[in-house]
Structure formats: structure tokens, C-alpha cells
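Visitor: Listed here are the chains, written in short residue letters.
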Amino acid sequence: MAVFTRPRQAFVIAGALGLALSATACGTGDDKKSDKAGSAECAAYEKYQGNDGKKVSIYASIRDAEADLLERSWSQFTDCTGIEIAYEGSGEFEAQLPVRVDGGNAPDIAFVPQPGLVKRFADAGKLKSLGADTKAMAEQNMPADWLKYGTVNGTLYGVPLGANVKSFVWYSPKTFKEKGWEVPTSWDQLIALSDKIAASGMKPWCAGVESGDATGWPATDWIEDVLLRTAGAEVYDQWTTHAIPFNDPRVVEAVDRAGTILKNEKYVNGGFGGVKSITTTAFQEAGLPVVNGKCAMHRQASFYANQFPEGTKVAEDGDAFAFYFPAIDAAKGKPVLGAGEFVVAYADRPEVQAVQTYLASAEYVNSRAKLGNWVTANNKLDIANVASPIDKLSVQILQDKSGTFRFDGSDLMPAAVGAGTFWKGMVDWINGKDTATVLQGIESSWPK
Amino acid sequence: MEFDFADQQPKLLMLMYGLIAFVVVVGGLLLLLDVVPAQFARRREAQLVAASVGGGPLPRRRKQREGLFAFFFLLPTLLLLTIGLVVPAIRTVLLSLMDGSSTNWVGLRNYGWMFSEDSIVRVLINTLIWVLLVPLVATTFGLIYAVLVDKVRFEAVAKSLVFLPMAISFVGASIIWKFVYAFRGVGDQIGLLNQIVVSLGGEPKQWLLNSPLNTLLLIVIMVWIQAGFAMVILSAAIKAIPGDIVEAARLDGVSPWQMFWRITMPSIRPALIVVVVTISIATLKVFDIVRTATNGNYDTSVIATDMYNQAFRYGQSGRGSALAVFLFILVIPIVIYQVRNLRQQREG
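Protein chains in written order, with the working numbering: chain A, 1 to 448; chain B, 1 to 348.
Honestly, the hints are just simulated from the structure, not real lab data.
You may find that some hints are simply not true.
Stated by the list, open to error - In silico BS3-like pairs for lysine-lysine, Cα to Cα no more than 30 Å straight-line:
{"hint": "1", "chain 1": "A", "residue 1": "Lys266", "chain 2": "B", "residue 2": "Lys205"}
{"hint": "2", "chain 1": "A", "residue 1": "Lys294", "chain 2": "B", "residue 2": "Lys159"}
{"hint": "3", "chain 1": "A", "residue 1": "Lys294", "chain 2": "A", "residue 2": "Lys401"}
{"hint": "4", "chain 1": "A", "residue 1": "Lys148", "chain 2": "A", "residue 2": "Lys370"}
Said to hold, decoys possible - What follows is a list of derived Cβ distance ranges for each label pair:
{"hint": "5", "chain 1": "A", "residue 1": "Thr185", "chain 2": "B", "residue 2": "Trp105", "range": "32 to 42 Å"}
{"hint": "6", "chain 1": "B", "residue 1": "Asp118", "chain 2": "A", "residue 2": "Thr185", "range": "42 to 52 Å"}
{"hint": "7", "chain 1": "A", "residue 1": "Glu265", "chain 2": "B", "residue 2": "Lys151", "range": "57 to 67 Å"}
{"hint": "8", "chain 1": "B", "residue 1": "Arg109", "chain 2": "A", "residue 2": "Lys174", "range": "52 to 62 Å"}
Heads up, the beta-carbon is just placed ideally off N, CA and C, and yes, glycines get one too.
Construct the complete structure from the given sequences, taking the supplied hints into account.
Guide: Here it is, written out as C-alpha cells:
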């Protein structure tokens, strides 16, 4: 046999390598708990003690630099309690999580950004309800508006973690100052400003909905934000739960209202071309013309701050900042559209519940906020720990008691609509299909 | 970011175990295949020797043992086929008769949905366009090219030029072509196609936006990849035509046209069928190109991409499975045709 002229040697080498690796694995794994356990900085973690050396796996969609911040944010907790957190981030999180759960390989904890997905797992009986401590902590620290989205059939499964505010319009304070434009505080002012900018020869708005296999989502945010403003939060809730048809006349009106900006050749698409260029412009690039002066306004969530090139000053007196997407009907209050992720558990071992409780605690949210680039609706967050101006503004909006918070509707709907036909429908709509046909198509696709 | 080996250790360890398992299984198999037949051969030899020494009749190989022997060799294949193909196929068929959460039986409702939902009918039509066009165009291109470059100078270079795209993955090819079709509403064009249009005085277009042109443009990508495959197989077949037939035809004074239709085509018919069948099956399963270039947006989706979306992104495993079963049914006749063809060739 010619394949292994000296098979014994090959086996010996492979075996030795394997053994060596296993040996080093054992060398690093144990005894994570440092001598600090009894020290002053660990006092806050007293109640989580007793789980030394236990391992908790967390699975989420957060990757790269953000994931590093995440792991740093709980390092003190793991040092003090000896609980080891094995974090894994995946770009295919939404597709892979059901596969893992159905395959009996569920993580202990997952950060799920879609309440719709939380509901799916809860209905299938895969999720563990919260432990008493976690539940008390969540109810104490989280606004009711948010807890509602982690609750399925009266049982709280998901504790909100991070958040973002979507009702923002990005603009350049520098350009606005140079041209003498005022930040609009009502819809009429917004349109008046758009007309003024359009008359000056510049396209006032830029937008882009291309986002890989999620193409279309930025347009769904537009619709949701406008619907909240024209029809109010109650109608919005009925719409996301399908208590009213997807193509209810009030929804048609909201979509058409959004169309007066998004499908207006005079208004869009600054820096990219005509209306149809919205479909092929990547959402990451769509707001950049705001900074280079080719477009004046870009409606996108708070996290868009990360997309600006290095050296861009994101502040109220800088190169880019955001203002609150103004209300349309004053009687409908001051609605805020946002999103975030929910901590759900597939196991109820004590160490898993300890981590869950910790993630809802004041210690955690402040530890994470200090590292920057993060916002939460948790009311134990001390705004002094939030550094960047846009995150500060987001926290203010989220903690504002007079505002009405509503979660991103496409994340609440069944995935077939919220991550499927709604996205695709919006692409067709921008591409020129009329509102009625598009909404009728989405309505008929709602799973019965 | 620095690459920390200690950090990646669990993954490396997993890799190591995988490699060891691979070495053990494959090595073990090779060893087995080497040792067992040798053992049998030695036994037979000993029997023969014993028989010849004893002067008795030569022992006959028992039929039964031969069957056992064959079964032994087929066992790994059968096992893997069962685990990897038969079981999932049966499960998929069952899932296709259930609802999205795979808990309730819904009968044939998923199949009804498939043919009544406008967007899915569009998907089926797109797949049909793909299957009709890709094998036809790719094979035609490959054949014409193979005939034209046959026995010219620089044949090897000319052939490798067309064959090169075969080495590029579908995803890679789609990204390359996405750049070709790229559009810039303002400023300089970065896409080849739009640059050509602009330099001819035209307006740049968003090529991948308008159906059905966009499906045709995606088909171009597939043809670009597969034409090389068709060319290589057909070129080899052309070279294998016996020289005496060609010579006899020449002596009879055929025109190049007659040569092609009367001599070349009949001689390479088996190879032609293999090429068309292979490309047809590959086309039915096309997924990567559509997913990379348009994600199935703008009415370009095909069965495979929609199957993935339904099952894994929309949580509709019933509908996804129904699409998978339908795809399977579409492939069956092609496979049967191919098998029958091969059998005929062996007999003829």
C-alpha cells in the first residue's frame, strides 16, 4: 500500500500533536477565579457566588470589535464569580439559532434581536422562563414598554439588553449652520426645509436599502416611523400583531406619506442619483453624503454613527449629528421607534440564571456603557457613563417618560413577513410598484 | 487584530480532532481494503496449492461468499448513503406535509401554496428560464469554441482562457460580475457595462433591477462558468473521433458543414448528452449566483434560494421542504435519462 509508506510514523505524529494540544487545553481552562474574589471590587458580585468554575455559553449576532467590547464588559463579573462565559458571535445568527436549538445543541443564553423569534421559541416550548431573581431585577430596572416585548402569553422570557433609537434624522450641523438652515421640529417644517433645499439645487434626502440578504429593512423603518406618527401607537400595535390587515387604509396613508419623500425625484437620492438608486445603495453608505455636502438629511438609527469615516466629529456642533424625526400629529404624542436585543435562556442551571440576572443589573449596564458605543433602556444606566453625544441623546430619548416607545415592527411580525415579504415589498415599492399592490401582496403572505 | 493561538485553541483542537478522525477512518479503510483482499487471496492460494498437491479437483469459489464479500465492500457506501441521503430525503418529504413549526400535518397545502402564490410562481418560472437557457447556451458556446480551436495554433492557450472561469467559485464569479453590472447614479461609472453604455453616449442603467432582463444577466454568469466545462469535455470527444473516419469523409469530399453534422455530431453524441445533463442538474440547483448577486430580490429568485429563505430565514420549514421536494422531482427525470443512456452505451 503506497498511501502510508510508514503508517506508524504518521499515527505517532498525529497522536503526539493531539495529546499536546489537549494538554495545553487543560492547562488554561481551570481555575479562572482569581485571588480578587474577596476584594472590594467584587463586593457587588456577592450574590452571584457559588458557581465557581461553571461554564455558560452565549450565542449572538454581535461580532468583531463589538464582541470584544462585550467580552470586556463582563470580565470583572467572570473574574469575581469564577463563572466562565463562552461567547460566540455569528453573522448567520438568525438562521443558525433555530438549527442549533432544533438539533439539541442550544446555547445556554442567546441575545435575540427579534421579539418575533423569541415568541417562536417560547411557543415551541424551548425557552426557560426567568428565575425569580432575574425577573425581579428585570421588572425593577426595565421600562414596561420594553418588558412587554420579551413577554409571551403572560410569561417573561426575554430581558432587554442593548437598545437603539431609530427615530433619528442625520444631518450635518456644520452645513446647516453655513446655509442658515434650522433643525425642523415639526413635519411641516421638515417638508418646508426639504423644499427649500431642493430649490437650492441640492437633493435634500439620501437613502439606501441594500443590505445583503436583509435588503429592504431601512425602508420598513421609514414606514413604521411614519405610521407611528400618523396613526398612533395603538393602531401600530394592531398592525404589528395583525389585528388589522397589513394593508389597512391607515397603513396605505402612512406608506404614501413616506413616499412623498422617498419616491420624490426632487428630494432623493442626494449623492447617488434618482429614486431607484435607493434600492442598490448600501445602507452603510447611504448617509455618507450628509458629511460631504451632497445630501442634507438621512433618516437612520442611532447606530449609524459608526458608519462615518474616521475623523468625523459626531456631535451637536460637529460634522454629523441627528435630530429627532419630528412628530406629524401632535395629538399622537412623541413616538419613538427603536430596537434592541433580548436575553433568553435555553437552560435554567443556577450559573445561567446568575449571568441572566447580572446582565439586567446596574453593574452590567454601566460597565458596558463605559466602554462606549452602547445604549440601553435599562433605567439604572447612569448617563454620566455614556460618552458620545449621540448615545447620550439616545439615552435621553429612551428615558424620557413622556415619549411613547414602540419596537421595530418588522422584528415583531412573523419572519416570513418581517424578514421576508415586507423587506422585498419595500424594494418593489421604491422600484416603482404602487402602494396598494405592494401592501396587498404582503397582506396575502401573512402566515395563517 | 492579533491572532491569538491560545484564544483560538478550542477551534484548533476541534480541527485537530477532525483531522485525527479523518486519518483514522480513511487510513483504516485503506488498510482494510489492502489487508482483507490480500488475506482472501492468500487463503485461495493455499487452497489451490493444497488441492494441486493432493491431486484432487480444484475447489470452486462459493457463490454465497462472493455475495458476502461484495456486501462488505458496499457497506460503507450504503451506510453513508442511508445517513446522508435516504433518511434526509424521507424526512424532507414528511416535513413538506407539515406546517412551519413542523408540528401539525397540513396535507398538500404547502404544495397548493407553491402554485398559487404569485411570488413563488415567479420563482418557478425563473427556474424554468434558467434550466432552458443555461445548458443550451453553455453547451452551444462550448461546442462551437471546441470545434473552432481544434488543431489551430495556440490551441492550449485558447482553451485555457475559456476554461479558467471554471476554477472560480460561483460566489467569486458573481462578485466579479456584480462589478461589471455596477451602477453609479452620479460621478464616474465603476461598472464595465455602464461605462461602455456611457462612452457610447447612453444613460447608465441599473441592470440588475429590471425583470426579466436581470435573470438573463445572471444566466450570463452561469454560462461564463459552465461554457469552459462543456468546451473541455467536447474538445476531448472531438479529438477521440477515429482518424480513419475523418479521413474517409475527406476522401469523399465533404464540406466543413457536412463534416460537422454528419461526422462530428454523431461521434460526440454521448459526450454531448453528458455535458447537457450535468449542466442541467447544476442549473436546477443554482443558489450561490442568485444569492450573491441579487439575494433573490427584484424577481430573480429561483427554487433553491427560496427554499433556503423559507426554511431557514422565515421559519417556514414546511414550505421550504415542499420546494426542496419539488426540486428533487424535477431532477429525477434527468437522472433517469442519464442512467438509461449510460446503460445503453454499455450494452451497445
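Visitor: Does the structure break any of the earlier hints, and which numbers would those be?
Guide: Checked against the structure, the hints that fail are numbers 2, 3 and 5, while the rest are satisfied.
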